[in-house]
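Chains as they are written, first to last, in my numbering: chain P, 874 to 1076; chain G, 874 to 1076.
Calculated from the structure, these hints are not laboratory results. As the structure is a prediction and not an experimental result, all values here were calculated from the model. Watch out, some of these pointers could steer you wrong.
Capping the alpha-carbon separation at 27 Å, the derived lysine-lysine pairs in DSS-like fashion look like this [as the list claims (entries may be wrong)]: (1) G:Lys1010 - P:Lys935; (2) P:Lys1010 - P:Lys997; (3) P:Lys935 - G:Lys1007; (4) G:Lys935 - P:Lys1007; (5) P:Lys1075 - P:Lys935; (6) P:Lys997 - G:Lys997; (7) G:Lys935 - P:Lys1010; (8) G:Lys1075 - G:Lys935; (9) P:Lys1007 - P:Lys997; (10) G:Lys1007 - P:Lys997; (11) P:Lys1007 - G:Lys997; (12) G:Lys1007 - G:Lys997; (13) G:Lys1010 - G:Lys997.
2 protein chains.
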Amino acid sequence: MYHLHDFASSGNGYKVRLLLTQLGHVYRYTQHNLLAGATHTRDFLEINPNGKIPVLITPEGKALSESNAILCFLAEGTAFMPDDSWERAQTLQWLFWEQYSHEPFIATSRFWMHLCDPTDFRDKLADRRPGGLKALKIMDDHLSRAAFFVADRYTIADIALYAYTHVAGEGGFSLDDYPNIENWLQRVRQQQGHITINDLPKS
Amino acid sequence: MYHLHDFASSGNGYKVRLLLTQLGHVYRYTQHNLLAGATHTRDFLEINPNGKIPVLITPEGKALSESNAILCFLAEGTAFMPDDSWERAQTLQWLFWEQYSHEPFIATSRFWMHLCDPTDFRDKLADRRPGGLKALKIMDDHLSRAAFFVADRYTIADIALYAYTHVAGEGGFSLDDYPNIENWLQRVRQQQGHITINDLPKS
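Here chain P stands alone, though its shape is the one from the complex:
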């Protein structure tokens, strides 16, 4: 059985919860309160020296970190990862883009506004705003020409991008001006086995 080390509010963790559920995996679940330093204990650093959730432990006891690497690992050989080499390349392009050009702006702003005291982060929030707006524009433009990010169907590229985009409002990014994103969010929610970020397995 897989074992997921996670923190409930994390969109990076939600990506993995969503895919595990849609793949039909039953898994063990442990939460670590990263706001209280639980991902920097000696025990946690043994499974991820980078001190971050999510970490997936395989049935053989091996630890894998980086949410998008976990998505690729779990999706390999399933409908959630394309077989075609060019579609795989595009999937990875969007996954890397998500981590470099989307998450540091939208997810980080949400973290400061939603889980911390935003008055402590006023300057940083202003600093991250243009990058977040740019990311949403790129997504909306892409989705004006395609129903999903890659291969005209729901893949891990959609899972990775849905995780923080659907809660962008919690980071101060309204989606009102991005109708193509809004429609795509609906399509993602309609996928078989969809769970919300608040649907947690038993610990």
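With chain P held as given, fit chain G onto it using these hints.
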């Protein structure tokens, strides 16, 4: 023939140049001076709406961005990307780690110190320093137990991490305290077909 859109000083571009060379590909090469806004022209945004190099154009004329996605695409089916599913997962783990937990600290600091006027970025450089030191410590610890990042041999994980680590000094990060990194840099330089960041193809 592949066509690489690049900027000579970029470590992200160097990753792709290094792998293309080690794979024996002859390729067309075009530089874009990003300091002068050349990656934000209408023509460039057609091939990458994110306005960043590197972009690889395939012989069929399709455009792929995100340096580490390009590495995966080119390496697939070669010795530079493992076949084993767990080794592939670890390769991707390091590639995502590089983009989220290494590049924004070490490469960005190098950009400000090496290609801009560092006095304009004094506060930002101080802000990025702890993340860079943490990344180097994680690499050095890993390399105290392994000759390469994954699978006991040279893969795209090493290429991705070499690109900005070997010029970390240009971002103010001395490697003197990281002997395992220094030894690994030597091993990477000894790989067949190695080129330096300054070895550019003809445009």
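Tell me if the straight-line CA distance from P:Lys1075 to P:Lys935 falls inside 27 Å.
Holds: P:Lys1075 and P:Lys935 sit about 22 Å apart, inside 27 Å.
Check the hint pairing P:Lys1010 with P:Lys997 against an upper bound of 27 Å on the C-alpha distance.
Holds, at roughly 21 Å.
Proposed proximity, G:Lys997 with G:Lys1007 (alpha carbon, max 27 Å):
This hinted pair holds, its Cα atoms lying about 17 Å apart.
Measure nothing beyond the straight line between the CA atoms of P:Lys935 and G:Lys1007; if it is 27 Å or shorter, mark the hint as holding.
Holds, at roughly 23 Å.
Quick one, are P:Lys1007 and P:Lys997 close enough, alpha carbons at most 27 Å?
With Cα atoms ~17 Å apart, P:Lys1007 and P:Lys997 stay inside 27 Å; holds.
Check the hint pairing G:Lys935 with P:Lys1007 against an upper bound of 27 Å on the C-alpha distance.
Given pair G:Lys935, P:Lys1007 holds - Cα atoms ~23 Å apart, limit 27 Å.
Take the C-alpha atoms of G:Lys1010 and G:Lys997, compute the straight-line distance between them, and say whether it is at most 27 Å.
holds, 21 Å
Within 27 Å, alpha carbon to alpha carbon, are G:Lys935 and P:Lys1010?
holds, 22 Å
Would you mind confirming whether the straight-line C-alpha gap from P:Lys1007 to G:Lys997 stays at or under 27 Å?
holds, 21 Å
Within 27 Å, alpha carbon to alpha carbon, are G:Lys1010 and P:Lys935?
holds, 22 Å
Given the hint that G:Lys1007 pairs with P:Lys997, does the C-alpha gap stay at or below 27 Å?
Holds, at about 21 Å.
Mind checking the alpha carbons of P:Lys997 and G:Lys997 for me, to see if they're no more than 27 Å apart?
Judged against 27 Å, a Cα distance of about 11 Å means the pair holds.
Hint compliance for this structure: no hint is broken.
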